[in-house]
Amino acid sequence: MSSSAIETDTSDLVCQLDNVQGIVDALSTVRWKRHQDAVVELSEHGIVLIVEETGCLQAKVYLQKELFIRYEYTAQGRPRFGLSLGLFVDCLNTFSVPGHSSSIEIQYPGPDMQLLIKSADSLDDCIYAEIRTRIPETISWDYNFEPAGSTPLSFTVKSAVLKEAIDDLEWPGSSIQIILKPVPPSVTFRGEGHGDLQIDLMYYANTDLLIAFHCDHEVSYRYKYKFLRATTSNVPSNVIKDNRGSKLTIGRGGMLKVQHLVSVARPSASHQHIDSAGYQQPSRIAYIEFFVKPEEDEDTVND
Amino acid sequence: MKFKAVVTENGFRKQALFEDYRISSQNEDRIAFAFDISLLLRAVRSSVSIISGEFGIANRLQVKLVKKLPPNSTQPMPFLTFETKGYKSAVIQDVPISKPLSRAQLLQLQAALDAAQDLPPTLVQVPDSNRLQNFVDRMKHVGDLLNVSISKYGDLHLQISTTLITLGAEFRKLLVVGDKAQAPSEDRDLSAQTRSGRAILMGDAQSVQGACLTVIFQFFIPGTRQTDKSISLHCRLPVLDPGSS
Chain X
1 MSSSAIETDT
11 SDLVCQLDNV
21 QGIVDALSTV
31 RWKRHQDAVV
41 ELSEHGIVLI
51 VEETGCLQAK
61 VYLQKELFIR
71 YEYTAQGRPR
81 FGLSLGLFVD
91 CLNTFSVPGH
101 SSSIEIQYPG
111 PDMQLLIKSA
121 DSLDDCIYAE
131 IRTRIPETIS
141 WDYNFEPAGS
151 TPLSFTVKSA
161 VLKEAIDDLE
171 WPGSSIQIIL
181 KPVPPSVTFR
191 GEGHGDLQID
201 LMYYANTDLL
211 IAFHCDHEVS
221 YRYKYKFLRA
231 TTSNVPSNVI
241 KDNRGSKLTI
251 GRGGMLKVQH
261 LVSVARPSAS
271 HQHIDSAGYQ
281 QPSRIAYIEF
291 FVKPEEDEDT
301 VND
Chain V
1 MKFKAVVTEN
11 GFRKQALFED
21 YRISSQNEDR
31 IAFAFDISLL
41 LRAVRSSVSI
51 ISGEFGIANR
61 LQVKLVKKLP
71 PNSTQPMPFL
81 TFETKGYKSA
91 VIQDVPISKP
101 LSRAQLLQLQ
111 AALDAAQDLP
121 PTLVQVPDSN
131 RLQNFVDRMK
141 HVGDLLNVSI
151 SKYGDLHLQI
161 STTLITLGAE
171 FRKLLVVGDK
181 AQAPSEDRDL
191 SAQTRSGRAI
201 LMGDAQSVQG
211 ACLTVIFQFF
221 IPGTRQTDKS
231 ISLHCRLPVL
241 DPGSS
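Residue numbers (UniProt numbering), protein chains in the order written: chain X, 1 to 303; chain V, 1 to 245.
What the hints contain is simulated information worked out from the structure, not anything from laboratory work.
Derived pair list, reagent style DSS-like, types lysine-lysine, alpha-carbon separation capped at 27 Å:
1. X:Lys257 to X:Lys247
2. X:Lys33 to X:Lys226
3. X:Lys118 to V:Lys173
4. V:Lys67 to V:Lys99
5. V:Lys140 to X:Lys118
6. X:Lys247 to X:Lys158
7. X:Lys226 to X:Lys181
8. X:Lys33 to X:Lys247
9. X:Lys33 to V:Lys140
If we strip away everything but chain X, and leave its shape as in the complex, we get (with noise of 0.2 Å):
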């Protein structure tokens, strides 16, 4: 018997995938600086992956384990594992190979807690890894998303469009309103800073733009600009590519949920199902979230 037959009986998962660079891509999306710490929660549903920053931010990526080729798990309740975001990519990034679609083995833990990755092609080149991981630092429950009433507010727009709106609020910097308008359907960027920049993405004027709207009364919150930029400021060039569209909802107290859709399809697979269906199937992509707290307003700081 060898001896990783021996640590895959003692994994709580051990999983394989065959578009590594799907994975890099998602995880990307949620790297919106160099040195972020991660905590990675595995259960029968998949793997999740959360990055924060300091009670202001949140981000959530969703591999459910659809996207891999093989997944045994048999932990008992959910394992949890701290890690350094920045790390794992790169390290990912290393066993994707430009042109092919590279397959590796995850397995979690090792014999030293580690996350160990090897590749999982050919028998006679292999690369393999292994990152240190650590305990997890508590993640902070009070990002969870309410909705704000019994209707959704919230509307879906192309990534490109969206990218492209707060790429150009740049310049007014620091805060930025966002605004829901039932009559007429209307999401409304404003940027008042260092001079002011109104961005109207009119619901019925544009349907190419705004994809879907729901309001059923005006709201009005304000955001960092500097969060509401992380979470389009590494969107992946083939959510661009493919046309996707990403989804903003309003919850309770003014949470902003972002969420978008990265492909985590073979490529070759990718384009015969483009052709023939014009979607993608639904099971190979990779969910991501961000949660982006408002800016407390004077008058709602003391209620």
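Fit chain V to the given chain X structure using the hints.
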């Protein structure tokens, strides 16, 4: 970047590169000088673009060591001059170079060049250098100290090891040039790290080669898979940490 060069009749197989070659100096027909490699690269690139832009016409590139009077100067300065004659244009480029190096400096440089020609006892051939380069390029984001080991079985093992991460790659069954050995059969199921550790213990691998890693780049004759024997690039990378073996 400063670069030192020796021009010598023996340095290149001169008939492979040059149609006509003349040199004479007091140092056994060798002249050495220092120059800025980026300027040389610019001159060569522009010569290549003139020549390749007018294919079909026998073009000539003439390289000369000259002394010229630069503008606003009374002192003649040494240059390496590139004269490119195309069908429609001719370009002369003067790359400034240092004064000729002394005999002692020249001998030192020649000794270093000769040492670079010494081949280590075991070399492995990596067929896909792009893949290796791509891998090493991405590895550098993870750490900057790379452990390299080469075994007589034809294994090349690269590894970065820091307190937070160990990342490595093993390429097996590569063509061995020089001393080779049969890999022990019980090694097959072991991990790359264990295997290279065992090979080092058995003396079948070295994690360092003297104090340098020798990398030799060979080139194909354009349009073929035949090695161009007239040119190869030898790099000797000094080892930062000689390792425990």
